[in-house]
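Positions 1 to 214 (the numbering used here) are the ones given, in order, by the sequence shown.
Treat the hints with care, since some could be wrong.
Stated by the list, open to error - Here are the simulated DSS-like cross-link-like pairs (lysine-lysine), alpha carbons at most 27 Å apart as the crow flies: (1) Lys207 to Lys189; (2) Lys179 to Lys189; (3) Lys179 to Lys207.
Everything labelled a hint here was simulated from the structure, so no lab data went into it.
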Amino acid sequence: MDDIRCIYSGFLDRDGHIDLLTASFDGDKIAWYPNDGQGGFAPVEAISPQEGSAYAVYASDIDGDGDLDVLSASAITWYENQGLGSFGPEQIISTHTYWANSIYSADLDGDGDRDIVSASDRDNKVAWYENLRPPAATESLFIYPNPFNSQAMVVLGMAHDPITVQVVDLTGRVVQEQKLGAVEHFTLKRGSITAGGSRINTEKDSKRARIVVQ
Numbered sequence: 001m002d003d004i005r006c007i008y009s010g011f012l013d014r015d016g017h018i019d020l021l022t023a024s025f026d027g028d029k030i031a032w033y034p035n036d037g038q039g040g041f042a043p044v045e046a047i048s049p050q051e052g053s054a055y056a057v058y059a060s061d062i063d064g065d066g067d068l069d070v071l072s073a074s075a076i077t078w079y080e081n082q083g084l085g086s087f088g089p090e091q092i093i094s095t096h097t098y099w100a101n102s103i104y105s106a107d108l109d110g111d112g113d114r115d116i117v118s119a120s121d122r123d124n125k126v127a128w129y130e131n132l133r134p135p136a137a138t139e140s141l142f143i144y145p146n147p148f149n150s151q152a153m154v155v156l157g158m159a160h161d162p163i164t165v166q167v168v169d170l171t172g173r174v175v176q177e178q179k180l181g182a183v184e185h186f187t188l189k190r191g192s193i194t195a196g197g198s199r200i201n202t203e204k205d206s207k208r209a210r211i212v213v214q
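Based on the provided sequences and hints, a complete structural model is requested.
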């Protein structure tokens with residue numbers, strides 16, 4: 001690990017285990033460490049050299065396709081998650097900030113996508129960048145493992161408002177309901193869900209998926 005300045009965690013390869021992201025000043029490197037699900041991490045996988053010194057890293061669904069992309073600074077850049085932890089080339093958003101050392105993402109203008117915020121100490125600037133990308137054609141829930149026994153991880157994709165999630169059995173009866181904050185994932189526990197097939201729905205954006213309890 002070469003002079004790591006920032007570390008962040010997220011579900012990068014959608015296997016239900018929280019992976020790690022790092023930004024290293026030496027070598028200007030953005031990298032991630034896949035979680036092996038057994039309390040350890042696989043060897044480092046470089047995402048890309050960073051344009052300018054690598055000070056900060058963050059993960060958010062920038063393109064609205066349901067997986068976490070990677071953001072980095074000091075140059076404001078992002079890397080598209082192409083699925084299962086494979087990332088596209090560096091895409092530079094801006095180089096006009098002077099040594100940005102923090103980066104974050106949220107739906108600042110309420111239009112349903114993730115915008116970007118940066119902070120830089122050399123010029124005492126907090127800046128935001130509106131996300132102008134068109135939304136992905138479809139979004140779906142991702143559940144791992146499925147089928148499951150006691151609990152599963154549900155990835156919602158981008159959630160910029162509090163959300164209600166329901167589990168409905170084959171008769172249409174609501175057997176479980178959770179009111180969540182603005183989260184991108186949560187743990188679904190078996191609870192009163194009976195063995196066999198059920199359906200999980202979100203209240204606001206009508207996402208749904210079939211779940212199977214063993």
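### Query
What are the numbers of the hints that this structure violates, sorted from low to high?
No numbers; nothing is violated.
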